[in-house]
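**Student:** Keeping their order, the protein sequence lines are chains A and B.
This note's numbering puts the last residue of the first sequence at 265; the count rises by one with no breaks.
This note's numbering puts the last residue of the second sequence at 1680; the count rises by one with no breaks.
If you're looking for bench data, these hints aren't it; they were derived computationally from the structure.
Possibly wrong hints are sitting among the right ones.
As the list claims (entries may be wrong) - Which residues of chain A face chain B? A partial, calculated answer using Cβ under 10 Å:
{"#": "1", "residue": "Ile125"}
{"#": "2", "residue": "Glu126"}
{"#": "3", "residue": "Arg151"}
{"#": "4", "residue": "Val194"}
What the hints assert, rightly or not - Sample of chain B residues with no beta-carbon within 10 Å of chain A, all distances over it, derived:
{"#": "5", "residue": "Cys1485"}
{"#": "6", "residue": "Ser1546"}
{"#": "7", "residue": "Ser1569"}
{"#": "8", "residue": "His1578"}
{"#": "9", "residue": "Asp1584"}
{"#": "10", "residue": "Asn1586"}
{"#": "11", "residue": "Asp1646"}
{"#": "12", "residue": "Ile1661"}
{"#": "13", "residue": "Leu1664"}
{"#": "14", "residue": "Phe1677"}
Glycine included, C-beta positions come from ideal geometry on N, C-alpha and C.
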Amino acid sequence: MGEAIVVTSGKGGVGKTTTSANLGTALALIGKKVCMVDTDIGLRNLDVVMGLENRIVYDLIDVAEGRCRLPQALIKDKRFEELYMLPAAQTKDKNDITPEQVTKIIEELKPDFDFVIIDCPAGIEQGFDNAVTGADQAIVVTTPEKAAVRDADRVIGILDKRGIHSPKLLINRIRPNLLKNGDMLEIDDICQVLAIDLIGIIPDDELVIRAANHGEPTVMNPNSRAAIAYRNVARRILGETVPLMQLEEKTGVFGRVKKFLRMG
Amino acid sequence: MSVKSAITIKGTKEGLIFLLDDQCDFVSLLDELHAKLDKHEQQLNGPMVHVFVKLGSRVLEEEDKEKIRSAIRRQGNFLVQSIESDPEVAEQKEEPLGLQTITGIIRSGQVVSHDGHLLLIGDVNPGGTILSTGDIFIMGALRGMAHAGCEGNENSIIAASLMTPTQLRIAEVISRPPEEWASADPLMEYAFLRNGAMEIDKLTHLHQHRKEAILFKGV
């Protein structure tokens, strides 16, 4: 039986879809069988980031409404044998599906996969409910900005109410030079406010943007620092102990944060 | 007379004041009222007299007040102006507020409200709200909004291990740090009202403010 992990954030544009795509790919790279589910109905992006847009025939709503069987809607990745994705519908909206319908689909996927990665839409409305209800675990993505941390805090509170009591925190798009000048929130401070386990820090990397535009997840490129960071997160999800990435090699600004983290 | 009368009648410029005893039971009081009025029947003929009835601490239903009214009205020239109880004795006497302890993090969008004093073991994050009718003590960081004495108690205080709120309210007073006050060292501080304005001080100075005596034992 696999584990369903929802990638959520509250705020838009912090990198939920990028994280979903890269974590899914990184887990597949390690040899796990993974299915990514895009629940951002009406604004689907995961297929674009994965470069699978042109292969979509059926989508999540088609499965929910019984127009096709679940295996028919699954798209196999072009790079990995055991990586699949279930795309969202583009012509409908979030209210055209219920949390119960999504949960049923997730439950149907779990026995066949090691991990089901659910890409959650921004916001805390119906779309959020759709994505979260079927999940066993959550990764809350934030960036070192006040607004993003505030929304992450809100989402952690709501997740707690929905029965996901210890979500993991992923801090995305860290720019070491801004951190050094004190123009960005410190990682320590973010962890202190949010008070949940940190599962990874991802440095800001131009290669991520380039890769997304080419429909190729960053994780594939071993020269990208973000790729290594995502691979580390995947290893932590599997229970390995991997130290946090040193963002500033010379000075070791994050010496204090050198904690060893594990996914529960 | 061996038995102390339950009814005292006083004359004033406005009329007569009937002071009714508030300890004896109502039936015997009514009996005595009838007896007293019957006894003075002859003397009480004449021009219209206003009567004010004082019940002391006794609180009566409208029905019972009517019984008193009709008893006095039988005299013909008596006009009952008012039947009153002493207001102070009946109410007031506030119960001392209890202290409720809660643990957890109040996150953005969450609200905790409580009747009485509140002790939170945990943080209040930005966007989170904590309300209480009494004092608020936070063993943790106050980064969100706290409102003490939210029903108007101006003596309430807000204390926190780390005092970096987005807003503080005590009773009707709202204060926005750091525009209105800023502290160099926000550790172990409390907020209170002095002459209607919010002030912040070290928590160790609270005893001077409250002047509550502690009974020390030992030498």
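**Student:** Check each numbered hint from earlier against the structure, then list the numbers of those it violates in ascending order.
**Tutor:** Structure breaks hints 2, 7, 9, 10.
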